[in-house]
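A.B. asks: The chain contents come next:
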Amino acid sequence: MAHAPETAHHEPAHPAHGEAQPRHGGTGHGEHSGSVGHDYTTTGLNHRKMLMWVFLGSDCLFFGSLIATYMVYRGQSLTGPYPADIIDIPITTISTFVLLCSSFAMVQALSATNNNDQRGIKIWLLATAILGGIFIGFQVYEFNLFKNEGLTLGQNLFGATFFTLTGFHGAHVTLGIIWLVSLWILSFKGRIRPDTALDVELCGLYWHFVDIVWIVIFTLLYLVGGFDAGPAILGGEH
Amino acid sequence: MATITEVLARPTYGASGLWSWITTVDHKRIGVMYGATAFVFMLLSGIEAGVLRTQLATPDTDLIGPGRFNQMFTMHATVMIFMVIMPMGVAFFNFVVPLAIGARDVAFPRLNALSYWIFLFGAILMHFSFIVDQVPDAGWFSYANLTEYPFSENMGLDFWAIGLLVLGTSSVAGGLNFVVTIINLRAPGMSLMRMPVFVWMTLITSILLILAMPVITVGLIELVMDRNFGTHFFNPTGGGDPILWQHLFWVFGHPEVYILILPPMGIVSEILPTFSRKPLFGYPFVIFSGIVIGIMGWAVWSHHMFTVGLGPIANSVFTITTMLIAVPTGVKIFNWLGTLWKGSIELTTAMLYALGFVFLFIIGGLSGVSHAVSPSDFQQQDTYYIVAHIHYVLFGGSIMGIFAGIYYWWPKLTGKMLNEKLGKLNFWLVFIGMNVTFFPMHFVGLNGMPRRIYTYAEEFGWGTLNLLSTVGYFIIFIGVLVFVYNIWQNRNARRVSHDPWDAPGVEWSIASPPPAYNFAEVPHIKGRDHYWIEKDLAREAGNPITEPEPAVDPSTIHMPSPSYWPIITAAGVGLIGGGLLSHYGVSFLGGLIAFIGVIGWSNEPASAPEEGH
Amino acid sequence: MGLLPRKRAGSPPEPIPDENAQRPAPRRNRLTRLAFFGAAAALFLLTAACSQGFQSTWDPVGPVAQKQLQLFNVLLWTMVAVFVLVEGALIYIVIRYRRRPGQPRPPQIHGHTALEITWTIIPTALILGLGIWSVFTLFELDQPPTDQGEILNVTVTGHQWYFEFEYPDAAGGKRISTANELRIPVDRPIQLILESDDVLHSFWVPKLGGKVDVVPTRQNRLWLMADSDLIDQPLPATFYGQCAELCGLAHAQMRFRVTVMSEVDYQAWVQNYNPPQALTPQAQQGKTLFAIHCALCHTINGPEIESVAKSRIDSFLTGGDAVAVPGPNLTDLRTRQTLAAGITDLSVENLRAWIRNPEDIKPGNWMSDKAAFYTDGGDANLTDEEIDALIEYLLNLR
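Residue numbers (my numbering), protein chains in the order written: chain C, 4 to 241; chain L, 153 to 765; chain P, -19 to 378.
Incorrect hints may appear among the rest.
These stretches of chain P come out as covered by chain L in the derived footprint (C-beta under 8 Å, 3 or more residues) [stated by the list, open to error]:
no. : stretch
1   : 60 to 68
2   : 89 to 98
3   : 126 to 137
4   : 231 to 242
5   : 280 to 293
Partial list, computed: chain P residues near chain L (C-beta under 7 Å) [as the list claims (entries may be wrong)]:
no. : residue
6   : S36
7   : F116
8   : T117
9   : N200
10  : L226
Simulated from the structure, these hints should not be mistaken for lab results.
Just so you know, even glycine gets a beta-carbon here, dropped at the ideal spot from N, CA and C.
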């Protein structure tokens, strides 16, 4: 996961929004024109890669706060359905496995890019996106199932915290899929090459981060909290 | 591709005109826009303060009712914090940081423009609440569950929450940009321990921003969901805990305090050495104390909640951590005194403001210790004593620091000097007015006057001191008018040299106002006080520096071209927020515009067509 | 700090300028003298500003407020000392080292590590000392003393916008519900249980002790005690309190009073807590009117009944056009001093004006909003006679 500083990096230091689409990779000019030479950076790290890392740090606090809300409200729901009533660990284990596989595909996509394996790029980018899509499909199925069993945002605190946390995670995955598909489209124009590998790498960083967040969510909401049966389960803190 | 390239062609670089400002990605112009916008909001929020002070001037005043009063103090604080002091800090980040680290722009110029436009649209969005007369009225802290149905039935809190969500996006984007800029765009030779203190404080502030903002974002999202989607995050009727809001708010809110005060501390740390003609005393300690403050700022949030009933153990822990944060703050003050010691002190307006900062911040810091101690705080929490304290740190601290910075960097920005006589009048009016307004509040508070009450009975004995505070307000008001006049008359001021203060920072080595490219040749930084070293070397060589770095033909330097995608994307973000307040269709439209903005942004050529390659 | 004698209520705070005058000024040159006089003037202002107002924290009448004041006084004097030293140093340096024409560049000092360590360690030690002491005070004040008389339990419920006081066992097993005025016996620890049915409030009687927030979902605890040694007025003595946490429109007017009574008077008050009698035909009419117009929200026949109180709260929290809200218990209205959460004195005139148009007196109150006989913040749809009848009944006039 960790990327060593690339000293011989020719990627123009182009401004890009943290979650932006991959940009046009064809020009050879750095936009910031900041200092000595176009791709001079003080640390030797690429601006965009650093931006992504810092952004992910920020996003950690976002998910951290959502997870904290969930943990604080564990077992505090006044009415059912409670997690034990509806959480289906086997099904979500499958979707978690799918998402983990997508991370593998992402690694393959980056490796293909670095090797200029144009066919591999297309296959693996699409595979990552499709696996992500399957994960979202599972989530939609699960949300529907829960809704039919009476769990809504307003039903109880479990519903509110569960849907908010997993919903925002799903939104992150969806954004990642859009990004992947955009890269995939660009790959048909030959715009995904070793010299633009950073575009894929940034997407990969984001994708792996979203995956890791899911592992945490899966552990806490399903493996740990999935058996909570009601307010009494934690011995009633109040 | 040709057609697409035409569509996506970047606007060409114009020197003036409205369009050039709208599409600008120049950090200096964005800094000016931040500063000007923040100043307008400062006047607006100042007027709100005037309404509050007039209402409170005498007992049983019947100027405005409780509803308006609640709206006024809510908006006064929200605007001052999120639309004045924070963006003023960002204005200085923008104008000063790239110049001070020897860079030609920030790392992501378009992201920088995006931050500004989102900030502007978010601020305007929140002020729409005045147009529909559903103004936020639950305080800048908006404690749940007063913010929940049925206690807050109009849309005021939605404006507040969604406005802040939009503003938060801008802050995070700005924070990301400056972290990367400062770490990655320093001129050769500028090691971390050679960075100007202001740049250091910007770095710490930016890190605090990107880490603290997500926490309040989650709180605000949960609040919006409670109000609009039937959840019960903070609503006891559904099992929610209103105290969770307080935790989320203050986990953000206390780092936020340092977000507001660290940049002015940095500004002061630039000004004191310049006008003492001495390097900053104990530079590593000033930096280190800033870092310690940034870290400890995360471990003190519950001191805002001593009276909530968290129990003596939690209160003890937060009492000790909060008291300890006074130590690094004190270290900074002692080092400033050390800087002045045996210096050659020139009392320019900028210096007066910087000294005013130190003087007033000491008072604010000392009163802070007395409510860091929880048993003592039980009598002070939510009284005017706290109002006095926060104004000593945010007005006496942040605002004085900002004024100091304006007077200090104004000649660099415009090439002209603000009138020093007016400046000193401005300073003394603001300084005296500030003390007349806020010093009595300590005593009103200790005499038992709670905050946020719109009226009080005469027999409580708070009338005299309140009247004094109101008088003080008008002194400040006149002082600010003098400042406005000083800016206004500056059109006719004569030009001054590029380095009127004999300053140490590398930003003073270039022409004033700086050319678009900042540095014709990227400087090689020779030490902490780079330009002093340069000037000394030149003097020793018998060739003293009197001229700025010579100008070069701008076309030989490749600069980022202007772009209209930032404002389009920002408009989309603003519309998403606006849609949540009106019709989801508008949000959808906003999302679409933002999406188009991002696509256009990503596919935009790196430079204007005629600069093609 | 030995300068913290138990202070009699009503006596002025410490004679601050005098104390300072004895402090030897380090160097008797003009500048230090100037700074010194400036500080003395500031301290004089400080003394002058510490008035003995109704809610002054400088004038404790109970051990909780007194200990908090003692701690604050120590902090204050430490702060004053630091203030004088540091600000004095600042002013001295600025005047002493101001630039003179033709002055060469001063010596370029970059720092001094020993000095840095000194001014890190000294404040740390000072602060840890104060911090440890404050932690001890915190724990000391956490629980009521068990050796100073029987503890009286009172449940305080915050409402928009008044405080309700419920004595589960006021005396001899008698249960009492009242509002806006807390009556307590002197020299007995009072254990308050703080609850809220709507939003956050904060219960604060400055002269008795610091505030504790009143939070829905939580039962906060606060103990207070009125010390006869500290009260320099005849009993019953009244002290002022006020909600200290923004709680909506009428937050400023959510006041209350604490009446400290001798044990005998307190017992008598408990005995006399009874619903008003309808002794005249007019009062009979008032009783009927009360049942029609007021009883939905106000209880008048003794302590609150839990199920009734709960239904009022549920109705209130449902929002919208719900007609019932939890109104103050009026059983003992006739024995109270004030009206409308302590904002006006109780008198026939004021009560008439209040019933006629509460919005004029306490903007935002729920009565004019919810009661059916008020029209959009206007006057009550009641005749003067009807209002008089209500008053006669409520105040138990003959």
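A.B. asks: Next, verify each hint and record whether it holds.
C.D. replies: Against the structure, the hints:
no. : hint       : in the structure
1   : 60 to 68   : holds (count 4)
2   : 89 to 98   : holds (count 6)
3   : 126 to 137 : violated (count 0)
4   : 231 to 242 : holds (count 3)
5   : 280 to 293 : violated (count 0)
6   : S36        : holds, 5 Å
7   : F116       : violated, 9 Å
8   : T117       : holds, 5 Å
9   : N200       : holds, 4 Å
10  : L226       : holds, 5 Å
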